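For the record, the sequence lines run as chains Y and V.
FYI, in the numbering used here the residues of the first sequence are 1 to 243.
FYI, in the numbering used here the residues of the second sequence are 1001 to 1158.
It should be emphasised that the hints constitute simulated quantities derived from the structure, not laboratory data.
Computed from a predicted model, the values in this text were never measured in an experiment.
Be a bit skeptical, because a hint or two may be false.
Selected chain Y positions facing chain V (in silico; Cβ < 10 Å) [what the hints assert, rightly or not]:
hint, residue
1, V23
2, G27
3, C33
4, R103
5, A105
6, K106
7, E107
8, Q109
9, S150
Glycine is no exception: its CB is placed at the ideal position from the N, C-alpha and C atoms.
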Amino acid sequence: MSNQAIVLKKKSGPTFKDQVMAVLPEGGNLNSCLTCGLCASGCPASGLEDMDPRKYLRMAALGLDEEVLNSKWAWMCTMCQRCVYACPMKIDIPQLVFNVRNRWAKEEQPKGIRGSCEMSFRHETCSAMGASEEDFTFVVEDVLEEYQESQPDFADMTAHLNKEGAEFFLNQNSREPVTEPDEMVPLWKILHLVGADWTYGSKGWAAENYCLFCADLEKWEENVRIKTRVVEDLKSKVWLNTE
Amino acid sequence: MREGKLKLNSDWNKRLGVKFTVQDPCQLVRKSLGDPIAEDLRFVVKACVGEDNFIDMTPNRSNNFCCGGGGGFLQSGFPEARRAYGKLKFEQVDRTGADYCVTPCHNCHAQIHDLKEHYEGKFHTVHLWTIICLSLGILGENERSYLGPDLAEVNMYP
């Protein structure tokens, strides 16, 4: 417990919490806190950076904007929404956190997240690991050929790239093609056995979108639109993205 | 599965009795499709490993604890905080006594795998696709990197 009382400075204009409320449906119920602590009691991030969800919301409610905006805790809350699930008033603390992340200057944001967001635009693949169209095409074709030859029941297995009109367009997390390509195969086998008509794309194939995590709305949308264009151009009916 | 196209079979585990638990991914369950998809997940896993070999952790489904792999935490450069966050999840999995934790989410897989290594747990962390193919008898030797020595040779294809 703090021995010294916190003296609130009187501010003019809307607080950070007011700004966030203006962009959320129902204002994210950010004014409805009963201070019960159900959020904090089941939150694995409670205690990190001397913070927890209730404290974070109370600080925002008190207009302690600088402290709320500068706490690294915004990068330690995973925005998993368990607090919303537990909250009797359904207060959207994760969206408060998301908007804090949004306010951080790009150069101040965690480099791993920011860098992965930027990297996804190096090619038209959206790969946060910077894998190109050629890289992906080579790995998929190489692995497929190897399995078609070595596993007789899967000689007819497919892993198409850019097959027009396929029912399903499947995204793929970069980790498999880049670091452990054999891990792509079990899913291919399942799709083969059920007779699914599916395709990858040489562009827009990567499932991940780190721009969401750094709350960069423009870049997030740009990443999604690249993928959407590929799905639409191929005239696939269903877009499967597990991320 | 319900159309009979995937003939999942748990006979391989009848004698072995290898135990499994599942991580309910926040993104899939709480944030997207809710408890019904968590039920589907259990339906699939039980079909693969046998009803008696499945152990749920508590709390679960929509009320599950996040593992700490989401929201970019794995890439944020705060590994100590991330592992402190994940200690709750590690203990939850560990307490089930399960030999395997099935993680049907990329972030959950990476995080729980790391937690197990860091806290020196006994369980293994596997993708759902691995267990499905194992139970179908179509999992080859190069597709077994996340299986432990107990299952390294079981139901081998071809």
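Chain V contact restraint for Y:K106 - C-beta distance below 10 Å | 14 Å, violated
Would you settle whether the hint for Y:S150 is holds or violated, based on the nearest Cβ-Cβ distance to chain V being less than 10 Å?
-> 8 Å, holds
If you take the shortest Cβ to Cβ gap from Y:G27 to chain V, is it below 10 Å?
-> 20 Å, violated
Closest C-beta approach of Y:A105 to chain V relative to 10 Å, hint status = It is violated, given that the least Cβ distance between Y:A105 and chain V is near 16 Å, above 10 Å.
Closer than 10 Å between Cβ atoms is the bar; does Y:E107 clear it against chain V? Give me holds or violated.
-> 14 Å, violated
Would you check whether Y:V23 satisfies its interface hint, that is, whether its CB is within less than 10 Å of any CB in chain V?
-> For Y:V23, the interface hint is violated, since the closest Cβ of chain V sits about 19 Å away, which is over 10 Å.
Y:Q109 as an interface hint toward chain V, with CB separation required under 10 Å = 9 Å, holds
Cut-off 10 Å, beta-carbon criterion: hint that Y:C33 touches chain V | With a minimum Cβ separation of about 20 Å from chain V (threshold 10 Å), the hint on Y:C33 is violated.
Any CB of chain V closer than 10 Å to the CB of Y:R103?
-> 16 Å, violated
Checked against the numbered hints listed earlier, the structure breaks hints 1, 2, 3, 4, 5, 6 and 7; every other hint is satisfied.
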